Amino acid sequence: MHIVDGALSVPVLVSGAVLAVVGVFIGLKKMDYDHLPLVGVLASVFFIASYIHLPLGFSSVHLIMNGLLGIILGWVAFPALLVALLLQVIFFGFGGLLVLGVNTVNIALPAVIIYYLCYKGIRHESAKVAAIWGAIGGAGAIIITSVMVAFSLALSGESFVLAAKAVLPAHIPIMIVEGFVSYAAVYLIHTVKPEFITKEKS
Amino acid sequence: MSQGLEHSLTSWSGQALKHQASWIDAIDARVRVVCSGLFALVVVLSSHFVPTLVGLLAAFILVKSSKLNIKRTLRRVIAMDLFMLTLICVLPFTTPGDAMFSVFGFDASWQGLAHALLITIKANAVLLVLFSLVATMSASTLGHALAHLKVPDKLVHLMLFMVRYLDVISQEYKKMRRAMQARAFVLRTNQHTWKSIGYLFGMLLIRSVERAERISGAMKCRGFCGRYYLNDDMKMRRVDAIFGFAFFCFLILLIGLNIDDLFKSTAD
Numbered sequence: 005m006h007i008v009d010g011a012l013s014v015p016v017l018v019s020g021a022v023l024a025v026v027g028v029f030i031g032l033k034k035m036d037y038d039h040l041p042l043v044g045v046l047a048s049v050f051f052i053a054s055y056i057h058l059p060l061g062f063s064s065v066h067l068i069m070n071g072l073l074g075i076i077l078g079w080v081a082f083p084a085l086l087v088a089l090l091l092q093v094i095f096f097g098f099g100g101l102l103v104l105g106v107n108t109v110n111i112a113l114p115a116v117i118i119y120y121l122c123y124k125g126i127r128h129e130s131a132k133v134a135a136i137w138g139a140i141g142g143a144g145a146i147i148i149t150s151v152m153v154a155f156s157l158a159l160s161g162e163s164f165v166l167a168a169k170a171v172l173p174a175h176i177p178i179m180i181v182e183g184f185v186s187y188a189a190v191y192l193i194h195t196v197k198p199e200f201i202t203k204e205k206s
Numbered sequence: 000m001s002q003g004l005e006h007s008l009t010s011w012s013g014q015a016l017k018h019q020a021s022w023i024d025a026i027d028a029r030v031r032v033v034c035s036g037l038f039a040l041v042v043v044l045s046s047h048f049v050p051t052l053v054g055l056l057a058a059f060i061l062v063k064s065s066k067l068n069i070k071r072t073l074r075r076v077i078a079m080d081l082f083m084l085t086l087i088c089v090l091p092f093t094t095p096g097d098a099m100f101s102v103f104g105f106d107a108s109w110q111g112l113a114h115a116l117l118i119t120i121k122a123n124a125v126l127l128v129l130f131s132l133v134a135t136m137s138a139s140t141l142g143h144a145l146a147h148l149k150v151p152d153k154l155v156h157l158m159l160f161m162v163r164y165l166d167v168i169s170q171e172y173k174k175m176r177r178a179m180q181a182r183a184f185v186l187r188t189n190q191h192t193w194k195s196i197g198y199l200f201g202m203l204l205i206r207s208v209e210r211a212e213r214i215s216g217a218m219k220c221r222g223f224c225g226r227y228y229l230n231d232d233m234k235m236r237r238v239d240a241i242f243g244f245a246f247f248c249f250l251i252l253l254i255g256l257n258i259d260d261l262f263k264s265t266a267d
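Same order as they appear, the protein sequences are chains A and B.
To convert, take the position in the first sequence, counting from 1, and add 4; that gives the numbering used here.
Letter 196 of the second sequence, counting from 1, is numbered 195 in the numbering used here, and no numbers are missing.
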């Protein structure tokens, strides 16, 4: 998931950085200081989600949950994910510094797309229907993310095309797991605290 | 990635990487942040082996002089290098060039191997410099340094908040996981596991949102009116200027090495 420094070509790095700056700018505009505690706490929840490792056959996958984050935060997902990725690079060595822009866009843009796609569905009064939309959002975000990762690799040079093709099938198991987990999470939230989803948030 | 190599993210509450006091700690945080950013820029954009290797050497020297715990640092870097290993295996076959050897009719090229090695060196150099210069300060110092470097206020505050609450939320997560374990829940590859983890995650979200409301209430009660104050003023001293200048000269050298190689390749 994390692309490392040195792999991508300069045009891809620059366009990723520009897109990330635009996204973060919009996100910061939409977030005022009153939401700061909420966004900070939610960003930490998603940081922690990324170290929940689920066994899958002989290996394991870790949750990403960018779909659900997008559903809850909308554009604010950009600054939240940028900060999370920055901390992961500096203190844990996941990813790289110059590819931070590309990595942020690859995870945060699908989150925003899912926000617009599932906006209506997730607010359905029936918990089952809302949860199905949650599953679509969770799995969909992974599909979009893996397509974007594949593109940023493929656009960086001929020699990465094979790696780019491998990205998609590698993400299918994660997509399935994420879909089920998102379904359960949305179902629970809808039953326990429906106002959390239905309440309007800017 | 195998479980054994994972370092415990779960117990991180924003502190610096474990290390003994060194002269790098005395240097101004802003200088360290800017230096490592520029270093990453120069190294990643270099296109030849010589400058990247010199960069990697410098990174090793910095790690040594920042007195980082070598074992822990290596563990972090190796986790990334496992990923690079697959790259080294794949790239020679997908890059056209002079054949090195062939497997099942697929030719492995020297150029591909060189490319993969170049990427590995770059990624390692950048990470090591980040660990030695930036990760040796605590996350809140980093936040303050970024704020003094004119990074948007909201972003810095988001980071400071996150660093603070990562630990709190992870305590909450561990508590819930322990409760599940007490009821004999074991992670497996089945729908029951996914459903339970989904419920765990949903519950974690709800609890954190309620916590955020309490935090927000407590902040307002203490007169929070929409902004924070950074109460440390960072001053540039002579050591900082010297280090910054030396680092800058080193980067110029790296850029020079690139251009030198460029001349050679056009002369051929």
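Simulated from the structure, these hints should not be mistaken for lab results.
Computed from a predicted structure; not experimentally measured.
A few of these clues could be false.
[To be verified] Derived SDA-like pairs (lysine to any residue); straight-line CA-CA distance at most 20 Å:
hint, chain 1, residue 1, chain 2, residue 2
1, B, K219, A, Y37
2, B, K173, A, I56
3, B, K194, A, H66
4, A, K197, B, S195
5, A, K33, B, Y227
6, A, K34, B, A15
7, B, K174, B, W11
8, A, K197, B, M175
9, B, K234, B, D27
10, A, K33, A, A21
11, B, K234, B, R29
Status of the hints after comparison with the structure:
| no. | hint | in the structure |
| --- | --- | --- |
| 1 | B:K219 / A:Y37 | 11 Å, holds |
| 2 | B:K173 / A:I56 | 11 Å, holds |
| 3 | B:K194 / A:H66 | 15 Å, holds |
| 4 | A:K197 / B:S195 | 18 Å, holds |
| 5 | A:K33 / B:Y227 | 17 Å, holds |
| 6 | A:K34 / B:A15 | 32 Å, violated |
| 7 | B:K174 / B:W11 | 16 Å, holds |
| 8 | A:K197 / B:M175 | 18 Å, holds |
| 9 | B:K234 / B:D27 | 8 Å, holds |
| 10 | A:K33 / A:A21 | 18 Å, holds |
| 11 | B:K234 / B:R29 | 10 Å, holds |
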